[in-house]
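Chain residues, written in single-letter form:
Number of protein chains: 2
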Amino acid sequence: MTALAAMRMGLNVKALSPESAGPVSSLGISHVGDWNDEKVMRRFLDGCDVITVESEWAPVELAEHVSQGVIPVWPSSVTVKAIRHKGRQKSILNAVGIPQAEHLSCQTLDEAIAALDKFGGKAMAKKYEGSYDGYGNVTVTSHDGMQAAWEKLSASDGLLVESFVPFVKEIAVLVARSPSGASVVYPVVDTEQREHRCHAVSVPAQISSRCAEMARNVALSAADAVESVGILGVELFEMADGSILLNELAPRPHNTGHYTIEACHTSQFENHARAILDYPLGDPSLKVPAAAMVNILGHRKGPVRTEGYSKSLDLSRATVHLYGKLESRPQRKMGHVTVTADDVHSARKHAEAAAAFVKL
Amino acid sequence: MTALAAMRMGLNVKALSPESAGPVSSLGISHVGDWNDEKVMRRFLDGCDVITVESEWAPVELAEHVSQGVIPVWPSSVTVKAIRHKGRQKSILNAVGIPQAEHLSCQTLDEAIAALDKFGGKAMAKKYEGSYDGYGNVTVTSHDGMQAAWEKLSASDGLLVESFVPFVKEIAVLVARSPSGASVVYPVVDTEQREHRCHAVSVPAQISSRCAEMARNVALSAADAVESVGILGVELFEMADGSILLNELAPRPHNTGHYTIEACHTSQFENHARAILDYPLGDPSLKVPAAAMVNILGHRKGPVRTEGYSKSLDLSRATVHLYGKLESRPQRKMGHVTVTADDVHSARKHAEAAAAFVKL
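These protein sequence lines are chains G and B, in that order. If you read the first sequence in my numbering, its first letter stands for residue 6, the second for the next number, and so on. If you read the second sequence in my numbering, its first letter stands for residue 6, the second for the next number, and so on.
So here's chain G without its partners, still in its complex pose (with noise of 0.2 angstroms):
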């Protein structure tokens, strides 16, 4: 969806991956090569003018050392770096006075079982680094489970254990930046996940102005914390008492952001593109009443054989967007509908009917 903003915009894009089943592949743009190596990366940056990565285990290191400074590479080394360990992140987002769930680093079983009984006996043990969509993380309640959960998750490092949040709602803002510091905060949305995969994402969020305005500084002080360049993303928890904690942070065009695309005035993706590019960012804001997005999952495993398109667009005001990826899996995720109107609720019930007609 990057890649389609920027050709929009006149650009020219190609994109290297390690897989040719990506959503890329159908754009003609893709190079599929390893690019963990160095003589691969050297080839595809020829004649780039600055190159983005879209996942935080995109080796930006290798790009940048490639690079050498003369093509930009965003976000940085400096920003992947800060947000790919959890227990870094946290550590670098408390220094500025984030407020996050209580959490400790353990280096030992020993001290993990020690958070969990501070913590109360209910706690989340996370996986320091190559966790998403809810793989890597646990709640644990008692010791064995601790110990369970440390067999899996730990790394030499240790683990990351967080005291568990009894959070009323999910939140998300996103923030873009640029080069320079200049930056744009989106609206608050709600999200839900399901089996920690985001399902669906509602805005405006149904949350008090002030909240609204506590989640938005957070999300542009956690940026900057992280010098982040081009879109950020922001998961927050909302409490019963109306304050709220950073969740995590995501450093591209984010799950939560998709309906922008067709809600905002700048679309995430227009504007990660403008950032890089150190370009003025876009309005952010709204430019209809509500929306709401629900993603479209794999259904079977195989290659994609699409069924209920057509009927998913008969609905008022449904716009479908499939990946292209070749390949199906259950629970993978394979496009998304948004749905726009006057208010969240008719956009949400309408965005769950469309997306569940199409299976893949």
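One thing to keep in mind: the hints can contain errors.
Identical chains share a label here; the pair holds if one copy fits it or two copies do between them.
Claimed, not checked - Straight-line Cα separation of at most 27 angstroms, DSS-like style, residue types lysine-lysine; simulated pairs:
# : residue 1 : residue 2
1 : K316      : K354
2 : K132      : K338
3 : K338      : K316
4 : K316      : K19
5 : K338      : K86
6 : K364      : K19
For the record, the hints were derived by calculation from the structure and aren't laboratory data.
Starting from the known structure of chain G, arrange chain B on it as the hints suggest.
Leaving out everything else, chain B in the frame of chain G:
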């Protein structure tokens, strides 16, 4: 832009173009070849599920011949032939009672001169085929002028002579129509031509609701009359007495509909893709109060070097599209700006300002 919309829908797109410098070249999906060569066409169509032509001068008949009814081609040769020849277009529209300027298909210069006299000494001489953006139309006010026009524009079957129309304003409407005949109509827009080229579009048109209703009905009738499938661009005149005349049809996504990307629930490009696939058509209505589009024309001759793009983005709510054409020349359409706003006047003002910054 149609390709970008289709890609977003998860479709695989490829394009056949007779020259390498066209707007799809940067998408990496372009096949360059002589599209009048049956072998080239046969190789290109292999594996396609549906074919669309985005120029009335593209070899739709050859595509139909090669696909032999197995792969649908939209718009069909029936539609394209009904539109391509201005004399035939006028006759077909006359036959279903669509209001047009008085006109005569003239087979000899004497007939053309008689037509000029009949129309009060002021007329438009119009080449039957191959004209666009004003190339092929001449205003004639004398017998000598008609002789010059005849020499320049007449074909073996003659020349179209049309009464000069003292219109109040030029307006346009898009119709998206499916193979089944289902159709949706976009809002009426005001258009401004400069040197016979579309300069700017603003929406909603500043006309009475009665006039808008007539324009939409005429456009729908025209789409039925030419058996349009996909987008049909319909250009009309508003007359001093509030009546309207149909000026011209274009069987494809149209410059007067570029604004629909940002301003309507479903863009003309998505509805073109939906129509040719016989999917349900999307809501064509505005999702913002007003919008304006201004074309970005080539500034110099030669390979594209873009200046001012970044400045143009500094204007609130300006979305700047560049088409990725590799070669520029003065007056060539290289891109456009769309601005959405609360009223057409500020939309237009900002769109003009943003477009003026970009030089390529």
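Now for the hints, and whether the structure bears them out:
{"no.": "1", "hint": "K316 x K354", "in the structure": "within (15 angstroms within a copy, 40 angstroms between copies)"}
{"no.": "2", "hint": "K132 x K338", "in the structure": "within (22 angstroms within a copy, 53 angstroms between copies)"}
{"no.": "3", "hint": "K338 x K316", "in the structure": "within (20 angstroms within a copy, 37 angstroms between copies)"}
{"no.": "4", "hint": "K316 x K19", "in the structure": "between (33 angstroms within a copy, 25 angstroms between copies)"}
{"no.": "5", "hint": "K338 x K86", "in the structure": "within (25 angstroms within a copy, 44 angstroms between copies)"}
{"no.": "6", "hint": "K364 x K19", "in the structure": "between (29 angstroms within a copy, 25 angstroms between copies)"}
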